[in-house]
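A.B. asks: If you use the working numbering, the sequence shown corresponds to residues 3 to 238, in order.
Take the hints with a grain of salt, since some may be wrong.
Distance condition first, Cα-Cα at most 25 Å in a straight line; then the derived DSS-like pairs of lysine-lysine [unchecked claim]:
| hint | residue 1 | residue 2 |
| --- | --- | --- |
| 1 | 9 | 44 |
| 2 | 130 | 200 |
| 3 | 9 | 86 |
| 4 | 36 | 185 |
| 5 | 130 | 185 |
| 6 | 211 | 238 |
| 7 | 44 | 224 |
| 8 | 9 | 155 |
| 9 | 44 | 155 |
| 10 | 6 | 155 |
| 11 | 36 | 6 |
Here are the computed distance ranges between Cβ atoms for each label pair [claimed, not checked]:
| hint | residue 1 | residue 2 | range |
| --- | --- | --- | --- |
| 12 | 220 | 160 | 25 to 33 Å |
| 13 | 192 | 66 | 16 to 24 Å |
| 14 | 228 | 114 | 42 to 50 Å |
| 15 | 159 | 77 | 55 to 63 Å |
| 16 | 166 | 77 | 54 to 62 Å |
| 17 | 37 | 192 | 36 to 44 Å |
| 18 | 37 | 114 | 42 to 50 Å |
| 19 | 104 | 160 | 50 to 58 Å |
| 20 | 56 | 162 | 25 to 33 Å |
| 21 | 47 | 77 | 42 to 50 Å |
| 22 | 10 | 165 | 26 to 34 Å |
| 23 | 112 | 160 | 52 to 60 Å |
| 24 | 219 | 108 | 33 to 41 Å |
| 25 | 201 | 158 | 43 to 51 Å |
Quick caveat, the hints were computed from the structure, so don't treat them as lab data.
C-beta: ideal position from N, C-alpha, C; glycine also.
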Amino acid sequence: DISKQIKEYTIFTSGYLIRDPAHQQAVFGGPIGKEVYARVAKDMNVQILGIEYLGTRQLNLREPRNVMTPADMAGVKLRMPGSKSWQFLGKALGANPTPMDFNEVYLGMQTGTVDGQDNPLPVVVEAKFYEVSKQIVLTSHLVDGTFVAIAKKYWDGLTREQREAVQTAADTAIAFNNTANMKSELSVQDFLRSKGMKISTPNRDAFRKAVQNAYLKSDYSKTWPPGLLDRINATK
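Using the sequences plus the hints, can you model the full thing?
C.D. replies: So, in structure tokens, the structure goes:
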């Protein structure tokens, strides 16, 4: 996690920063990515080759609810991981964030201890949350990724031809992974519908605006590089 080593890059852990997998690749495959990778190489001695798409976190509610904006999440006890940053995101989404161990979420949803949880859709299937919930709200509030990297000292020891071969292999693996994960998420939606779950899409722009404003008014944004949020938002 580069944000633990370079505080300015905590911005990359915030909600509603990356819009979707294509935006993720555009951000890190463009000028912003080049700047980030150069800083990581300098400060952490790690050469980043690219970023893989892991999944997009969505809301999963125990009972159907008309959710269009964060205001519609008022009073919802939303299970979120217990750290301050996760609890902050839950509040920014308009919910009442409730810390709970992942292993307790199924029972919590079943009994009503919590009204919902957030995770990538494949997790909803793997954990069988569809048995104890009735709705998915496609908020897409956090697009997860992981960097593909190599120790800089090894990278520096490679010839130009070797570097090109390694980079090509990384690019191929990333493309394969991203395609597979995106297909999986779409097929999961079909599966969840077959289980009787309602899948709805809110006003994501309203959510994005509210969540970004919450970050900008908080201490979290104090370490963010000036102008970086605007540059990321403007990246197509």
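A.B. asks: Take the hints in turn and mark each one as holding or not.
C.D. replies: Here is what the structure says about each hint:
The straight-line distance between the Cα atoms of residue 9 and residue 44 is roughly 14 Å, inside the 25 Å bound, and the hint therefore holds. Between residue 130 and residue 200 the alpha-carbon distance is near 15 Å, which keeps this suggested pair within the 25 Å criterion. Using a Cα cut-off of 25 Å, the hinted pair residue 9 and residue 86 holds, with the two alpha carbons roughly 16 Å apart. This hinted pair does not check out: residue 36 and residue 185 have alpha carbons roughly 28 Å apart, beyond 25 Å.
Of the supplied pair hints, the one linking residue 130 and residue 185 holds, its CA atoms being roughly 19 Å apart against a limit of 25 Å. Taking the CA atoms of residue 211 and residue 238, the gap is near 17 Å; set against the 25 Å cutoff, the hint holds. Proposed proximity of residue 44 and residue 224 is supported: the alpha carbons are some 22 Å apart, at most 25 Å. For the hint pairing residue 9 with residue 155, the CA-to-CA distance comes to about 23 Å; that is within 25 Å, so the pair holds.
Of the pairs offered as hints, the one joining residue 44 and residue 155 holds, with about 11 Å between alpha carbons and a cut-off of 25 Å not exceeded. Between residue 6 and residue 155, the direct Cα distance comes to roughly 21 Å. Compliance with the 25 Å bound is thereby established for this hinted pair. A hinted pair counts as satisfied when its Cα atoms are at most 25 Å apart, and residue 36 with residue 6 qualifies at roughly 19 Å. Between residue 220 and residue 160 the beta carbons are some 42 Å apart, a value that contradicts the proposed interval 25 to 33 Å.
For residue 192 and residue 66, the Cβ-Cβ distance of about 19 Å falls inside the hinted range of 16 to 24 Å, so the restraint holds. Under the hint 42 to 50 Å, the C-beta atoms of residue 228 and residue 114, about 45 Å apart, fit the expected range. Checked against the given bound of 55 to 63 Å, the beta carbons of residue 159 and residue 77, roughly 58 Å apart, stay inside it. The hinted range of 54 to 62 Å is satisfied by residue 166 and residue 77, whose Cβ atoms lie roughly 55 Å apart.
For residue 37 and residue 192, the hinted distance range of 36 to 44 Å is satisfied, since their beta carbons lie about 39 Å from each other. Checked against the hint of 42 to 50 Å, the pair residue 37 and residue 114 passes, with Cβ atoms roughly 47 Å apart. The hinted window of 50 to 58 Å between residue 104 and residue 160 is violated, with their beta carbons roughly 40 Å apart. A hinted range of 25 to 33 Å holds for the C-beta pair residue 56 and residue 162, which are about 31 Å apart.
One distance hint, 42 to 50 Å for the beta-carbon pair residue 47 and residue 77, holds here, with the actual separation near 48 Å. For residue 10 and residue 165, the Cβ-Cβ distance of about 27 Å falls inside the hinted range of 26 to 34 Å, so the restraint holds. Hint check: residue 112 to residue 160, Cβ distance near 53 Å, so the stated range 52 to 60 Å holds. Here the CB-CB span from residue 219 to residue 108 is close to 35 Å, well matched to the stated 33 to 41 Å.
Hint check: residue 201 to residue 158, Cβ distance near 48 Å, so the stated range 43 to 51 Å holds.
The structure shown violates the earlier hints numbered 4, 12 and 19.
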